[in-house]
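> Listed here are the chains, written in short residue letters.
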Amino acid sequence: MRIVVLAKPVPDTTGTERLGDDLRLDRLSSPPIVNPNDEYAVEQAIRLVEAHGGEITLLTMAPPGATETMRKALAMGAHGGLLVTDDALAGACALATTRVLAAALATLDHDLVLAGAASADGGAGVVAAGIAAIRGLPYLSYAGSVEVLGDRVRIHRLHATGYTVLEAPLPAFVVVTQMVGEPRYASLKGIMAARSRQIRSVSLADLGLDPAEVGGSAATTRVLAARRPAERGATRVVRGSPAEVAREIVDLLDERRLL
Amino acid sequence: MTIALFEPFEHVPAYPLVFPVFWGAFAVFALVVARHVRVWAAAHPGGPAPFERVPARAWGVVRYTIAQTRMFRDPRAGVMHYALFLGSTILLIGNINAVTGGIPQAVVGWPLDGILWTALVAIQNAVAIAALIGVAWAFERRLVSRPPRLLLTRTAIVILLMIAVVVSTELLAQAFEAAAWGDIPGAFVANALAIPLAGLDEAWLEAGFAVLWWGHVVALGAFLIWIPTNKHFHIYTSFVNVWLRRLTPRGRLPVMDLEVEDATFGLRTLADLGWKDILDGFTCTECGRCTDACPANRTGKTLDPRGLIMGIRRMSTAAERGIDIVPDSPAVREIRGSDDTRPDPSLLAAPLLDGAIDYDAVWDCVTCGACVESCPVLIEHVEKIVGIRRNLVLDESRFPHEATAAFTGMERSGNPWGQPASTRLDWTKGLAFPVPVARDLAATGRLRDIEVLYWVGCAAAFDDRARRTARAFATCLDAAGVRFAVLGQEEACSGDPARRMGNEYVFQMLAMQNVETLKKYDPPTIVTACPHCFNTLSHEYPDFGGTFTVVHHSAYLARLLADGRLTPGAAGTAASAPAVAAGSDAPGRPAGRTVTVHDSCYIARYNGIVSEPRAVVGALPGVRIREMERNGRQTFCCGAGGGRMWMDETRGTRINEERTRQALETGAQVVAVECPFCMTMVGDGLATAGAADGVVALDIAELLAEAVAPR
Chain G
1 MRIVVLAKPV PDTTGTERLG DDLRLDRLSS PPIVNPNDEY AVEQAIRLVE
51 AHGGEITLLT MAPPGATETM RKALAMGAHG GLLVTDDALA GACALATTRV
101 LAAALATLDH DLVLAGAASA DGGAGVVAAG IAAIRGLPYL SYAGSVEVLG
151 DRVRIHRLHA TGYTVLEAPL PAFVVVTQMV GEPRYASLKG IMAARSRQIR
201 SVSLADLGLD PAEVGGSAAT TRVLAARRPA ERGATRVVRG SPAEVAREIV
251 DLLDERRLL
Chain P
1 MTIALFEPFE HVPAYPLVFP VFWGAFAVFA LVVARHVRVW AAAHPGGPAP
51 FERVPARAWG VVRYTIAQTR MFRDPRAGVM HYALFLGSTI LLIGNINAVT
101 GGIPQAVVGW PLDGILWTAL VAIQNAVAIA ALIGVAWAFE RRLVSRPPRL
151 LLTRTAIVIL LMIAVVVSTE LLAQAFEAAA WGDIPGAFVA NALAIPLAGL
201 DEAWLEAGFA VLWWGHVVAL GAFLIWIPTN KHFHIYTSFV NVWLRRLTPR
251 GRLPVMDLEV EDATFGLRTL ADLGWKDILD GFTCTECGRC TDACPANRTG
301 KTLDPRGLIM GIRRMSTAAE RGIDIVPDSP AVREIRGSDD TRPDPSLLAA
351 PLLDGAIDYD AVWDCVTCGA CVESCPVLIE HVEKIVGIRR NLVLDESRFP
401 HEATAAFTGM ERSGNPWGQP ASTRLDWTKG LAFPVPVARD LAATGRLRDI
451 EVLYWVGCAA AFDDRARRTA RAFATCLDAA GVRFAVLGQE EACSGDPARR
501 MGNEYVFQML AMQNVETLKK YDPPTIVTAC PHCFNTLSHE YPDFGGTFTV
551 VHHSAYLARL LADGRLTPGA AGTAASAPAV AAGSDAPGRP AGRTVTVHDS
601 CYIARYNGIV SEPRAVVGAL PGVRIREMER NGRQTFCCGA GGGRMWMDET
651 RGTRINEERT RQALETGAQV VAVECPFCMT MVGDGLATAG AADGVVALDI
701 AELLAEAVAP R
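Protein chains in written order, with my numbering: chain G, 1 to 259; chain P, 1 to 711.
One or more of the hints may lead you astray.
To be verified - Derived SDA-like pairs: lysine to any residue, alpha-carbon spacing no greater than 20 Å straight-line:
no.: 1; chain 1: P; residue 1: Lys519; chain 2: P; residue 2: Gly481
no.: 2; chain 1: G; residue 1: Lys189; chain 2: P; residue 2: Val260
no.: 3; chain 1: P; residue 1: Lys231; chain 2: P; residue 2: Arg398
no.: 4; chain 1: G; residue 1: Lys189; chain 2: P; residue 2: Ser397
no.: 5; chain 1: P; residue 1: Lys429; chain 2: G; residue 2: Ala234
no.: 6; chain 1: P; residue 1: Lys231; chain 2: P; residue 2: Leu150
no.: 7; chain 1: P; residue 1: Lys519; chain 2: G; residue 2: Thr235
no.: 8; chain 1: P; residue 1: Lys231; chain 2: P; residue 2: Ala219
no.: 9; chain 1: G; residue 1: Lys189; chain 2: P; residue 2: Phe548
no.: 10; chain 1: P; residue 1: Lys519; chain 2: P; residue 2: Glu490
no.: 11; chain 1: P; residue 1: Lys231; chain 2: P; residue 2: Leu31
no.: 12; chain 1: P; residue 1: Lys429; chain 2: G; residue 2: Thr235
no.: 13; chain 1: P; residue 1: Lys231; chain 2: P; residue 2: Ala30
no.: 14; chain 1: G; residue 1: Lys189; chain 2: P; residue 2: Leu258
no.: 15; chain 1: G; residue 1: Lys189; chain 2: P; residue 2: Thr408
no.: 16; chain 1: P; residue 1: Lys231; chain 2: P; residue 2: Pro400
no.: 17; chain 1: P; residue 1: Lys231; chain 2: P; residue 2: Val32
no.: 18; chain 1: P; residue 1: Lys429; chain 2: G; residue 2: Lys189
no.: 19; chain 1: G; residue 1: Lys189; chain 2: P; residue 2: Gly311
no.: 20; chain 1: G; residue 1: Lys189; chain 2: P; residue 2: Glu286
no.: 21; chain 1: P; residue 1: Lys520; chain 2: G; residue 2: Ala219
no.: 22; chain 1: P; residue 1: Lys520; chain 2: P; residue 2: Phe548
no.: 23; chain 1: P; residue 1: Lys231; chain 2: P; residue 2: Ser88
no.: 24; chain 1: P; residue 1: Lys520; chain 2: P; residue 2: Glu451
no.: 25; chain 1: G; residue 1: Lys189; chain 2: P; residue 2: Gln68
no.: 26; chain 1: P; residue 1: Lys231; chain 2: P; residue 2: Ile157
no.: 27; chain 1: P; residue 1: Lys520; chain 2: P; residue 2: Leu447
no.: 28; chain 1: P; residue 1: Lys429; chain 2: G; residue 2: Val237
no.: 29; chain 1: G; residue 1: Lys189; chain 2: P; residue 2: Val255
no.: 30; chain 1: G; residue 1: Lys189; chain 2: P; residue 2: Arg398
no.: 31; chain 1: G; residue 1: Lys189; chain 2: P; residue 2: Asp262
no.: 32; chain 1: P; residue 1: Lys231; chain 2: P; residue 2: Gly311
no.: 33; chain 1: P; residue 1: Lys231; chain 2: P; residue 2: Phe139
no.: 34; chain 1: P; residue 1: Lys231; chain 2: P; residue 2: Gln68
no.: 35; chain 1: G; residue 1: Lys189; chain 2: P; residue 2: Thr264
no.: 36; chain 1: P; residue 1: Lys231; chain 2: P; residue 2: Glu286
no.: 37; chain 1: P; residue 1: Lys520; chain 2: P; residue 2: Ala421
no.: 38; chain 1: P; residue 1: Lys429; chain 2: P; residue 2: Arg483
Hint data in this document are derived by calculation from the structure and do not stem from the laboratory.
Isolated chain G, as found in the complex (with noise of 0.2 Å):
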């Protein structure tokens, strides 16, 4: 089985996050790790592929050094990955990634593609919507279980209250949540297996698309500001006998009428 795996590099939320002039992120001062959603695919198709055989291929658009990142996701399991990355595409929006991110998926043998819930940092959760849309592939959403059954794929859609039993041929696209399982942590042996795996970086023109029509010039959307939160109130850390502890917290949500 072919499993195509949208995992994006975003900055470690750490705090640190600091923004440009054109509030853009200064990816300097953040160190990328793989999309923590996204980790969920990889962890999935790691899975299937242990399962049932087959091949798992990152797919990513991004700046040239998210190979590195992309090391990662491949020293958990994955065996190769496909890079579009272009000059062209800095500030490109989420329309643009999506018609980008098909087009490359349609370079790419599969049978399943899989993808975290949304990125970390733009957080639109449309991309994977999007190029299941232009590539035609039936889209699964909100998976808490994927299983794959012959030439079918089965899913378990997790709502408030439930699930949902979805199944649809392969090809398919595939949006798991954080309830597929813990992405695994990579072994040395994996970490040194991935040096060895490829990564291809592809640019716009392999692709044939105009940079005129999917680059950060042709960005539907802007960003006109960004503000830091608040500083957060101080923690107030209760302390005493469990019953003490209890009564006062019951006190303290009372008063901020949210019992």
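Fit chain P to the known structure of chain G by using the hints.
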């Protein structure tokens, strides 16, 4: 007086048969040992260098195997064992004499009219009685008083019986000889025993002598063949094991080469162990001191350090299957049809997990080293457990899932809490004095003025409670006028938790990064209030090119006190001032507090720093120290070592609660700690025990800060 060879044995019928009988047995013994060695030789290469630092090695043999200092920590067992030890060494003189046709006697008996030999005979008689009392005592311990750490095995009983038979047959043979042919010079016990025998018929005496003498030699031979197959083998291996003991600091784990392709990382199989590790297995006497001292075992967890070592021996012995007892030779090959004298590779590839230790037990270990400290024959348990963790983490990525967050935090953010480095200096906010950062000092050329670099550590940077310790320690430094600096954002976790959780990859990454940072500033001294940072910086960073002078804050504060740079109560009001400096956990309390000192494993046991924290606490006005039963090098872990700080403790009872119970037993009002993790664990233990009685955990720096900087 000269004694010819064979002359002492003129009454022994068929004496020359002793050569085939005993030396035949000896040959079998040698073959049995050689078969063990075949497996050891197939183990992982690399091990101690036996001829390096010979004086230190020789001194170790004297101290641990001749003087048996560790045995005497349990005085009853020590005395009993020493009687048996003398029995098997001093009586060796007579045994060698008996099986060599009297060579020792001929040599020693030659000068001074044989006085020396007579004295030796007398000593042997006395030792024989001591050994027999020792055997009786040992029986009493195994069968009657039964200390919990001792196993009641058939092997243990048979060994004692064999000792009793070997010693008593020799003594009784002498008694019959004396009764039949007259007193033996020096053999005062045998001669006394001969008195009641004198009435017997001479033929009976001669027959009794013959039976006892030969019985002794046969028992000796049989014992000799059997010894290498059981725990009594330690009578030979412990000398070797102690000689080969690790002479590097105990707190230094071996460095792994992480760039080797296609290697097994860490310890997975029997063959991944070094030969010295397997020798450890054959040195174990199953005495159970390690398991008895183990905090994980004590709190009902599956970890059993003795079981691990015995398991290694069992696996090594099992790997001998199929190897002929008679070594490889063309003749043997022809007769036996076997031409491979190496162990079966499939047996060498038996996994240690489940073979010697189970998965849960591997993760139960707090790496506190209580097992290593208690072992009379210097077996190393902790290294093996960490080795198995290394394999699980680096090869298989198998570990308690809670550890993932700590690993990821160390890898991405440089601290196991995963906190941003930008908050590393938050603990300094609101201090009445500035805390200079090394980078700033270097930029203005003032770095050369500093006396020490204060290595804060992640706990003190990010944990609320430990931040108070950092503030107290900095307050002490400031009060003493010490010119210090901190690294601030440039500091990263020392890597100790990663290393001890088996994640050598993350450890080495952090170690290299920190060594580079530290070398850049090249501080004259590094002081830290974290025992784990202390141990790793001082003992493990040299392997990564960073040799620094590192001092634990207990020693540093003790020095400041000794030098008169800090004077507790100097402000005049200290002794009676409310103790507020340390924070809200330290309500005002009049002088005359009782304090118990909880030693950190990595300070007291691994590094022998015991008197320093006591010097600090003892310098406080009106403080009395009440020790716990397990203190100093014998301290009991708080439960957070070995990365357990970041794992859930789900099996058995909680180690920190057990240690807190021990602390509360002293009746002390304050539990003084010297480690941020101990602080968390003892603090939690006190909260669970019901802190209503007002007992608090305070770092020694906090106690001192109260006294030197009352506010």
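> So, for every hint listed, does it hold in this structure?
Verification of the supplied hints:
Pair hint lysine 519 (chain P) plus glycine 481 (chain P) does not hold up; C-alpha atoms about 25 Å apart against a cutoff of 20 Å. Distance restraint check for lysine 189 (chain G) and valine 260 (chain P): the Cα-Cα separation of roughly 10 Å lies within the 20 Å cut-off, and the hinted pair is therefore satisfied. Distance restraint check for lysine 231 (chain P) and arginine 398 (chain P): the Cα-Cα separation of roughly 34 Å exceeds the 20 Å cut-off, and the hinted pair is therefore not satisfied. The suggested pairing of lysine 189 (chain G) with serine 397 (chain P) holds, with an alpha-carbon distance near 9 Å, which does not exceed 20 Å.
Taken as a hint, the lysine 429 (chain P) and alanine 234 (chain G) pair is honoured in the structure, with Cα atoms around 14 Å apart against an allowance of 20 Å. Taking the CA atoms of lysine 231 (chain P) and leucine 150 (chain P), the gap is near 13 Å; set against the 20 Å cutoff, the hint holds. With a C-alpha separation of about 38 Å, the suggested pairing of lysine 519 (chain P) with threonine 235 (chain G) is violated against the 20 Å cut-off. Distance hint between lysine 231 (chain P) and alanine 219 (chain P) is fulfilled; the C-alpha atoms sit about 18 Å from each other, no more than 20 Å.
At most 20 Å may separate the alpha-carbon atoms for a hinted pair to count; lysine 189 (chain G) and phenylalanine 548 (chain P) exceed this at roughly 33 Å. Restraint check: the Cα-Cα separation between lysine 519 (chain P) and glutamate 490 (chain P) comes to about 12 Å, which is no more than 20 Å; the hinted pair holds. Under the criterion of a C-alpha separation no larger than 20 Å, the hint pairing lysine 231 (chain P) with leucine 31 (chain P) is consistent with the structure, at around 18 Å. Taking the CA atoms of lysine 429 (chain P) and threonine 235 (chain G), the gap is near 16 Å; set against the 20 Å cutoff, the hint holds.
The straight-line distance between the Cα atoms of lysine 231 (chain P) and alanine 30 (chain P) is roughly 17 Å, inside the 20 Å bound, and the hint therefore holds. Between lysine 189 (chain G) and leucine 258 (chain P) the CA atoms are separated by roughly 10 Å; this keeps the pair inside 20 Å, and the hint holds. Taking the CA atoms of lysine 189 (chain G) and threonine 408 (chain P), the gap is about 17 Å. The hint holds against a cut of 20 Å. For the proposed pair lysine 231 (chain P) and proline 400 (chain P), the alpha carbon gap of about 34 Å is over 20 Å, so the pair is violated.
Under the criterion of a C-alpha separation no larger than 20 Å, the hint pairing lysine 231 (chain P) with valine 32 (chain P) is consistent with the structure, at around 14 Å. Using a Cα cut-off of 20 Å, the hinted pair lysine 429 (chain P) and lysine 189 (chain G) is violated, with the two alpha carbons roughly 43 Å apart. Proximity of lysine 189 (chain G) to glycine 311 (chain P) is assessed by CA-CA distance (about 28 Å); at most 20 Å being required, the pair is judged violated. A C-alpha spacing of about 37 Å is found between lysine 189 (chain G) and glutamate 286 (chain P), which places the hinted pair above 20 Å, so the restraint is violated.
Between lysine 520 (chain P) and alanine 219 (chain G), the direct Cα distance comes to roughly 46 Å. Violation of the 20 Å bound is thereby established for this hinted pair. Between lysine 520 (chain P) and phenylalanine 548 (chain P) the alpha-carbon distance is near 12 Å, which keeps this suggested pair within the 20 Å criterion. Between lysine 231 (chain P) and serine 88 (chain P), the direct Cα distance comes to roughly 15 Å. Compliance with the 20 Å bound is thereby established for this hinted pair. Taking the CA atoms of lysine 520 (chain P) and glutamate 451 (chain P), the gap is about 16 Å. The hint holds against a cut of 20 Å.
Taking the CA atoms of lysine 189 (chain G) and glutamine 68 (chain P), the gap is about 44 Å. The hint is violated against a cut of 20 Å. Distance hint between lysine 231 (chain P) and isoleucine 157 (chain P) is fulfilled; the C-alpha atoms sit about 12 Å from each other, no more than 20 Å. For the suggested pair lysine 520 (chain P) and leucine 447 (chain P), the alpha carbons sit about 11 Å apart, so the restraint of at most 20 Å is met. Note on lysine 429 (chain P) and valine 237 (chain G): the hinted pairing holds, with a Cα-Cα distance of about 19 Å set against a maximum of 20 Å.
For a cut-off of 20 Å, the pair hint linking lysine 189 (chain G) to valine 255 (chain P) stands: about 17 Å separates their Cα positions. For the given pair, lysine 189 (chain G) sits about 12 Å from arginine 398 (chain P) by alpha-carbon distance, which is consistent with the 20 Å threshold. For the hint linking lysine 189 (chain G) to aspartate 262 (chain P), the alpha-carbon distance of about 8 Å falls within 20 Å, and the restraint holds. Annotation: proposed proximity of lysine 231 (chain P) to glycine 311 (chain P) holds, straight-line Cα distance about 12 Å (limit 20 Å).
Between lysine 231 (chain P) and phenylalanine 139 (chain P) the alpha-carbon distance is near 16 Å, which keeps this suggested pair within the 20 Å criterion. Only pairs whose Cα atoms come within 20 Å are accepted, and lysine 231 (chain P) paired with glutamine 68 (chain P) is accepted, the gap being roughly 18 Å. Under the criterion of a C-alpha separation no larger than 20 Å, the hint pairing lysine 189 (chain G) with threonine 264 (chain P) is consistent with the structure, at around 9 Å. For the hint pairing lysine 231 (chain P) with glutamate 286 (chain P), the CA-to-CA distance comes to about 7 Å; that is within 20 Å, so the pair holds.
Proposed proximity of lysine 520 (chain P) and alanine 421 (chain P) is supported: the alpha carbons are some 19 Å apart, at most 20 Å. The straight-line distance between the Cα atoms of lysine 429 (chain P) and arginine 483 (chain P) is roughly 19 Å, inside the 20 Å bound, and the hint therefore holds.
Checked against the numbered hints given earlier, the structure breaks hints 1, 3, 7, 9, 16, 18, 19, 20, 21 and 25 and satisfies all the rest.
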